[in-house]
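Could you put together the complete structure from these sequences and hints?
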Amino acid sequence: MSLLNAFRAATALTVLVSTSAFAETLTIATVNNGDMIRMQGFTEDFTAKTGHEVEWVTLEENVLRQRVTTDISAKGGQFDIMTIGMYETPIWAKNEWLVPLDDLGDEYDAGDILPAMAGGLSYEGTLYAAPFYGESSMIMYRTDLMEAAGMEMPDAPTWDFVAEAARAMTNKDKEIYGICLRGKAGWGENMAFLTATGNAFGARWFDEDWKPQFDSEAWANTLNFYIELLNDAGPPGASNNGFNENLSLFQQGKCGMWIDATVAASFVTNPDDSTVADKVGFALAPDTGLGRRSNWLWAWALAIPAGTQKEDAAKEFVKWATSKEYIELVAAKDGWANVPPGARKSLYENENYKEVPFAKMTLESILSADPTNPTIDPVPYVGVQFAAIPEFAGIATQVGQEFSAALAGQQTAEEALAKAQALTADEMEAAGY
Amino acid sequence: MARSVTTRRKTLNTLFAWAVGLLIFFPILWTILTSFKTEAQAISDPPVFLFFDWTLENYAAVQERSNYMRFLWNSVIIAGGSTLLGLIIAIPAAWSMAFVPSRHTKDILLWMLSTKMLPAVGVLYPIYLIFIRMGLLDTKTGLVVVLMLINLPIIVWMLYTYFKEIPGEILEAARMDGATLKEEILYVLTPMAIPGIASTLLLNVILAWNEAFWTLNLTAAKAAPLTAFIASYSSPEGLFYAKLSAASTMAIAPILILGWFSQKQLVSGLTFGAVK
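Protein sequences appear in the order of chains L and E. In this text, residue positions in the first sequence follow the numbering used here: the first is 3, and each later residue adds one. In this text, residue positions in the second sequence follow the numbering used here: the first is -14, and each later residue adds one.
In short, the hints are calculated from the structure, not lab data. Treat the hints loosely; a few may be bogus.
What the hints assert, rightly or not - Derived coverage of chain L by chain E (criterion: at least 3 residues anywhere in the stretch with Cβ under 8 Å from a Cβ of chain E; other residues may be distant):
| id | region |
| --- | --- |
| 1 | 31 to 40 |
| 2 | 56 to 68 |
| 3 | 239 to 253 |
| 4 | 334 to 341 |
What the hints assert, rightly or not - Calculated lysine-lysine pairs in the DSS-like style (CA-CA distance at most 25 Å, straight line):
| id | chain 1 | residue 1 | chain 2 | residue 2 |
| --- | --- | --- | --- | --- |
| 5 | L | K77 | L | K96 |
| 6 | E | K149 | E | K101 |
| 7 | L | K335 | L | K362 |
| 8 | L | K312 | L | K77 |
| 9 | E | K149 | L | K77 |
| 10 | L | K312 | E | K207 |
The structure presented is a predicted model; accordingly, all values stated were derived computationally and were not measured. Cβ atoms here follow ideal geometry from the backbone N, Cα and C, with glycine treated the same way.
Below is the structure:
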């Protein structure tokens, strides 16, 4: 009996020692959006399963991007897991700043990740960031205004149809504007929208020799179409509008159509915040018949910086947060409409999720974007609404300022394109392309 | 007649001062009001001013999600520590420049100020690398030192200006009475310069409290102050203005209260020597 007790005590001690020896505290940098905040609320489930504690560093997207870039490039080691996007992943992986995530185990089922997501978060065929949620862009439109205009939105409209509908829905006296689009300058603001729109018009940032293409007819068509449409059917001050400004306008019933991130669907259909929640329809982002649509592709993903002392624990967290089980955990507590979308194929095969109104259109939008082959002509870069090279963010922000100034009427589209061509050529030459 | 003109002018001046004061304070007032609205009311057009259903739900949400007290404590230590450390260094420095000036005093003062002319981001990487080597990343000690160094030129300049107003003869008299240098600074100069030191202290606490570049870039989970707390509620993809306003109100409340109660010292210190 005493031997048995001694054995029990030794076992208990071993478990205690081994648990405390392997229990880590992970520091995770993340963005302030609904799905990430919800994940923070479920941290206890992870701790209960693994014994690891989590400390969150939540920052605004642009602050986070600067913060984690500084840390990983200087090898500061402040974070064990970083929330990054499709733009950073291939660049950082090429620099060997990230831990490869090709050994997460069979039960993780990496083959279940949507191919577009896995492709955008991989470098040379190896996954370096696990998608937590993915998004594309699509049309959100007012069904009542569309009906009043005597038109019917197809599932996959053309830009000509969208422009005609926008002009028909506009009633400036009643402050109703047919279309709300991003105009605020920034590589993740107007340039995300215009680069994706350019894809539908056959425009590309660079040819196969990395020569800028803003002097092409396709870019002239894209920018002129965009400016004329917003001048005729857009809200006043459109050159200052980003996601939040357009969301606010749409929720207050002032936009007939809004083309933006699929994540907005849950906001505009939420009756607590939106005055038009029951009058919203969805359609694919428009095309021009050339074979590419104007939708973008983005993922917020979890990556582990190379050199972290807690790689094993960090991998456990990444597996937990991007697993099928996590999706079920959220669904059980907060409902299927609130699970992180756009990352796994199995989610879209789930009968419960098929009932979520914007699920089908989100999936189709994601599936129709190809980051490795984004536009009509071949390109040397990866990315639908960006080119995944380190110089892109700086260049595109400057180009965005020129395009935004053209929208505001401070210069013509031709002048903006000429400046964009010149500054991009200068920057690329200086960067050694 | 002359009396009525004076009264009217006084009234006009008072009204003008109130209007300017309200204009300057309006963004803070609007933030505080928005923090008591729902997210839908926060973006309503036309905006609602006072007549809405006041709610505390944003404060409850912020309280539930974040450990406010930890951010607050970090802010108190960082702002207070950097200011006190700065004063300890700046008082002797300002004393020597004010009362024992050399040929190069003016040059040194200008040179000190020139460090404020460099954009902070220009030295981010060097300082970040030094912090990594010294193990100071995400520590309150590191931030106390950095913020002290950043504000030191301002502290020295302010104290130098105040000290220059104090007649050197008084210090001479103390020396004649046998006071040592330490006694002269501690028991003669400092008590006379209390209003100036108080306003320098208050202004630098406010500057350090609101500093958002270094406090965001050199911290992670442990030493993050209230600036990081606010940044965690800002979102480019989602209208969470009411919650952001609640977080902002909680972040500025302590410094607002401190400023309110010490406004007399602040004003007297800042106008010290303005009229000769």
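Hint-by-hint comparison with the structure:
1. Closer than 8 Å: that is the beta-carbon criterion, and the region 31 to 40 of chain L has 6 residues meeting it against chain E, so the requirement of 3 holds.
2. With 10 residues having a beta carbon nearer than 8 Å to a beta carbon of chain E, the region 56 to 68 of chain L meets the requirement of three or more and the stated coverage holds.
3. Requiring three or more residues with a Cβ within less than 8 Å of a Cβ of chain E, the coverage given for the region 239 to 253 of chain L holds, as 6 such residues are present.
4. Here the region 334 to 341 of chain L counts 0 residues with a CB under 8 Å from a CB of chain E, which misses the bar of 3, and the coverage is violated.
5. Using a Cα cut-off of 25 Å, the hinted pair K77 of chain L and K96 of chain L holds, with the two alpha carbons roughly 15 Å apart.
6. With a CA separation close to 23 Å, the supplied pair K149 of chain E and K101 of chain E stays within the 25 Å bound.
7. For the suggested pair K335 of chain L and K362 of chain L, the alpha carbons sit about 22 Å apart, so the restraint of at most 25 Å is met.
8. Restraint check for K312 of chain L and K77 of chain L: satisfied, since their Cα atoms lie roughly 15 Å apart, inside the 25 Å limit.
9. Taking the CA atoms of K149 of chain E and K77 of chain L, the gap is about 47 Å. The hint is violated against a cut of 25 Å.
10. Of the pairs offered as hints, the one joining K312 of chain L and K207 of chain E holds, with about 17 Å between alpha carbons and a cut-off of 25 Å not exceeded.
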